[in-house]
Amino acid sequence: MNKSGKNTGKKIPIFIICVLLSILSLMPFVIMLVNATRSTTQIQQHAVSLIPSTYLLNNMKILLGKSFNPGVGFMNSLIVSVTSTVLATYFSSLTAYAIVVYEWKLKNAFFSFILAVMMIPAQITLIGFYQMVYKLHMTNNLLMLILPVIASPAMVFFMRQYMMPALSLEIVQSARIDGAKELYTFNHIALPIMKPAIATQAIFSFVASWNNLFTPLVLLTDQKKYTLPIMISLLRGDIYKTEYGCVYLGLSLTALPLIIVYLLLSKYIIAGVALGSVKG
Amino acid sequence: MKKKKANFSYARYGYLFSIPFVVAYLIFSLYPTLYTAVIGFTDMKGVGKTTFHFLTENPFANFQAVLTSPTFQKAFGNTVFLWVCNFIPQLCLALLLAAWFTDRRIKIPGEGAFKVIFYMPNIITAATVAILFNALFGYPMGPINDLLVRFGIVAHPFNFLIKKGIAQAVVIFIQTWMWYGYTMIILISGVLGISLDIFEAAEVDGANGWQTFWYVTIPNIRTILLFTLVTSLIGGLNMFDIPKLFMLGGPDNATTTTSVFIYNLAFSGTYQYNRAAAASMIMFVIIVAVSLIMFYMLRDRDEAKEKAQIRKVKKINRKQNREASAK
Numbered sequence: 081m082n083k084s085g086k087n088t089g090k091k092i093p094i095f096i097i098c099v100l101l102s103i104l105s106l107m108p109f110v111i112m113l114v115n116a117t118r119s120t121t122q123i124q125q126h127a128v129s130l131i132p133s134t135y136l137l138n139n140m141k142i143l144l145g146k147s148f149n150p151g152v153g154f155m156n157s158l159i160v161s162v163t164s165t166v167l168a169t170y171f172s173s174l175t176a177y178a179i180v181v182y183e184w185k186l187k188n189a190f191f192s193f194i195l196a197v198m199m200i201p202a203q204i205t206l207i208g209f210y211q212m213v214y215k216l217h218m219t220n221n222l223l224m225l226i227l228p229v230i231a232s233p234a235m236v237f238f239m240r241q242y243m244m245p246a247l248s249l250e251i252v253q254s255a256r257i258d259g260a261k262e263l264y265t266f267n268h269i270a271l272p273i274m275k276p277a278i279a280t281q282a283i284f285s286f287v288a289s290w291n292n293l294f295t296p297l298v299l300l301t302d303q304k305k306y307t308l309p310i311m312i313s314l315l316r317g318d319i320y321k322t323e324y325g326c327v328y329l330g331l332s333l334t335a336l337p338l339i340i341v342y343l344l345l346s347k348y349i350i351a352g353v354a355l356g357s358v359k360g
Numbered sequence: 143m144k145k146k147k148a149n150f151s152y153a154r155y156g157y158l159f160s161i162p163f164v165v166a167y168l169i170f171s172l173y174p175t176l177y178t179a180v181i182g183f184t185d186m187k188g189v190g191k192t193t194f195h196f197l198t199e200n201p202f203a204n205f206q207a208v209l210t211s212p213t214f215q216k217a218f219g220n221t222v223f224l225w226v227c228n229f230i231p232q233l234c235l236a237l238l239l240a241a242w243f244t245d246r247r248i249k250i251p252g253e254g255a256f257k258v259i260f261y262m263p264n265i266i267t268a269a270t271v272a273i274l275f276n277a278l279f280g281y282p283m284g285p286i287n288d289l290l291v292r293f294g295i296v297a298h299p300f301n302f303l304i305k306k307g308i309a310q311a312v313v314i315f316i317q318t319w320m321w322y323g324y325t326m327i328i329l330i331s332g333v334l335g336i337s338l339d340i341f342e343a344a345e346v347d348g349a350n351g352w353q354t355f356w357y358v359t360i361p362n363i364r365t366i367l368l369f370t371l372v373t374s375l376i377g378g379l380n381m382f383d384i385p386k387l388f389m390l391g392g393p394d395n396a397t398t399t400t401s402v403f404i405y406n407l408a409f410s411g412t413y414q415y416n417r418a419a420a421a422s423m424i425m426f427v428i429i430v431a432v433s434l435i436m437f438y439m440l441r442d443r444d445e446a447k448e449k450a451q452i453r454k455v456k457k458i459n460r461k462q463n464r465e466a467s468a469k
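These protein sequences, in sequence, are chains A and B. Taking our numbering, the leading residue of the first sequence gets 81, the next gets one more, and so forth. Taking our numbering, the leading residue of the second sequence gets 143, the next gets one more, and so forth.
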């Protein structure tokens, strides 16, 4: 009796703090979405309002009349993110399979190497990468944003940690006895077993690639090749300086798809973050 | 005999299946790393330049120039300052929330929804977040000024972002705001991984919530705390998107981080690829040092866990013995 009373007394302040933190997390996005529908004059009078206005289409017209083209950015980002997610998860699983299933001489050295380099961020070697790509005249080629993910040491490490207990070598053996080729065994037996790990890594690979600013900012100079984060950076420029409604609309257009997808998949994403920490 | 032969022929698939990774790594990671290192010793600068000569008089001239550059020193200082100031509140908040959300004695309504909301800022493109906050702190009529004036906290709109301290504080706030949810989820999963028996033993011993948290929870998630520290530190040393787009590194370089410094050096003004490469290599060395710590940590992790478990059991046994003898 006494105990439960004490705990309810503790529950209320905790709940209030959580509500306040939630407001803090959501408020910037609410202001952004509401202001996307308000005119610049309205925003100048009162920048915070919870009531949407009717200037959405008007803002859209001004926004698209200038260099900001969210459609192009969206498509480019989608191409880069989808292909790099597919390549990263497939080849990381394959590399992990090579480490887990086969006994080969350099295996341990290879795995130690992966452990050693997995924390090194790509951004630190960008000068050399840029010079290499520039010499090849590939700076505006989206492939240069995609192909590097084939070697994702951190993901290989995660896949290996997941595969060790999940994939029994007996299954691989029996597939061999049935006459299956090695790659066929990987594609049709190992990959399906790896599905939960692949789903987790796919989400993070997709988000990382979608949000990446540094590499595209250095490589892409052609407006038609711009990915979404670079499109967003245009909103920081002088041409939108006085068009407040437009800037909020531009930001909303880039954030809204992510927010929707996140809310739909939040259960898996949160579980994925937790899984990543336990395994990694 | 037959089996041995079979094993021998399978080994080559190990090599075969590693080839895509190795090739991609050689081309897109190793070569650029070495190339960056080489450029650091050359005179390569000027837009679109691809040819270079090695520096003959003083091969380390670029490194010296970077290390003695006041802007680099300031940028490095900023990077460390911004990281430390965001990591401490972020970790404290995450620990507190993790302790609350895993406390078996209290069930907070809407726990799942709170987790989803706290993590949300992390998933949104950092570029969007940076420009959004720039708009929120706008002068004279940004939303923050609007709120402050409306509630009578200040009489006139305040131009926040020309003040260095405030610009830094906002960057720190954004980083904390974006990352505490992530850290919280990691810590929660760490706490949930602790064996229930330990908590029960603490409860039997009459430990209150705070004691349980301090003497049972924290020591048991030590490795996860270390993991959080190292990953956050490496991320912090590369901080780019927020400082770059929030205030373009300003005012007066107050939010210039080393990544922003490197970017500006190489891709604006006089396009000093050589100096930027030298600065990159300096950061590379620092990050490799941090990674090595991580490497040893991961290797000794299971061993450390085992030791902790043994200590725990001994402690509990001692306690039980004491209780038994007291009776």
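It cannot be assumed that every hint is accurate.
[Stated by the list, open to error] In silico SDA-like cross-links for lysine to any residue, where the CA-CA straight-line distance does not exceed 25 Å:
#1 B:K191 x B:T175
#2 A:K305 x B:A166
#3 A:K321 x B:L289
#4 A:K90 x B:Y281
#5 A:K91 x B:F355
#6 A:K90 x A:F109
#7 A:K305 x A:K187
#8 B:K305 x A:K187
#9 A:K347 x B:L390
#10 A:K91 x B:C234
#11 B:K305 x B:P231
#12 A:K185 x B:Y438
#13 A:K321 x B:G378
#14 A:K187 x B:L172
#15 A:K275 x B:A166
#16 A:K215 x B:A166
#17 B:K249 x A:D318
#18 A:K91 x B:G378
#19 A:K90 x B:G392
#20 B:K305 x B:L172
#21 A:K321 x B:F300
#22 B:K305 x B:G378
#23 A:K91 x B:L235
#24 B:K306 x A:F95
#25 A:K305 x A:M212
#26 A:K90 x B:L289
#27 A:K321 x B:T175
#28 A:K275 x A:P93
#29 A:K321 x B:P299
#30 A:K304 x A:I92
#31 A:K141 x A:L130
#32 A:K347 x B:E253
#33 A:K347 x B:N395
#34 B:K305 x B:E253
#35 A:K321 x B:P282
#36 B:K249 x A:P93
#37 B:K216 x B:G348
[To be verified] Pulled from the structure, derived: some chain B residues nowhere near chain A, Cβ distances all over 10 Å:
#38 G156
#39 Y157
#40 G190
Quick caveat, the hints were computed from the structure, so don't treat them as lab data. Since the model is a prediction, treat every value here as computed from it, not as a measurement. Ideal Cβ placement from N, Cα and C applies to all residues, glycine included.
Hints, verified against the model:
no. : hint            : result
1   : B:K191 x B:T175 : holds, 19 Å
2   : A:K305 x B:A166 : holds, 23 Å
3   : A:K321 x B:L289 : holds, 21 Å
4   : A:K90 x B:Y281  : violated, 41 Å
5   : A:K91 x B:F355  : holds, 17 Å
6   : A:K90 x A:F109  : violated, 30 Å
7   : A:K305 x A:K187 : violated, 40 Å
8   : B:K305 x A:K187 : violated, 55 Å
9   : A:K347 x B:L390 : violated, 36 Å
10  : A:K91 x B:C234  : holds, 19 Å
11  : B:K305 x B:P231 : holds, 22 Å
12  : A:K185 x B:Y438 : holds, 23 Å
13  : A:K321 x B:G378 : violated, 30 Å
14  : A:K187 x B:L172 : holds, 19 Å
15  : A:K275 x B:A166 : holds, 24 Å
16  : A:K215 x B:A166 : holds, 18 Å
17  : B:K249 x A:D318 : violated, 50 Å
18  : A:K91 x B:G378  : violated, 34 Å
19  : A:K90 x B:G392  : violated, 43 Å
20  : B:K305 x B:L172 : violated, 42 Å
21  : A:K321 x B:F300 : holds, 18 Å
22  : B:K305 x B:G378 : holds, 23 Å
23  : A:K91 x B:L235  : holds, 17 Å
24  : B:K306 x A:F95  : violated, 35 Å
25  : A:K305 x A:M212 : holds, 19 Å
26  : A:K90 x B:L289  : violated, 31 Å
27  : A:K321 x B:T175 : violated, 39 Å
28  : A:K275 x A:P93  : violated, 41 Å
29  : A:K321 x B:P299 : holds, 18 Å
30  : A:K304 x A:I92  : violated, 53 Å
31  : A:K141 x A:L130 : holds, 23 Å
32  : A:K347 x B:E253 : holds, 12 Å
33  : A:K347 x B:N395 : violated, 41 Å
34  : B:K305 x B:E253 : violated, 38 Å
35  : A:K321 x B:P282 : holds, 13 Å
36  : B:K249 x A:P93  : holds, 13 Å
37  : B:K216 x B:G348 : violated, 51 Å
38  : G156            : violated, 3 Å
39  : Y157            : violated, 6 Å
40  : G190            : violated, 7 Å
This entry does not satisfy hints 4, 6, 7, 8, 9, 13, 17, 18, 19, 20, 24, 26, 27, 28, 30, 33, 34, 37, 38, 39 and 40, going by the numbered hints stated previously.
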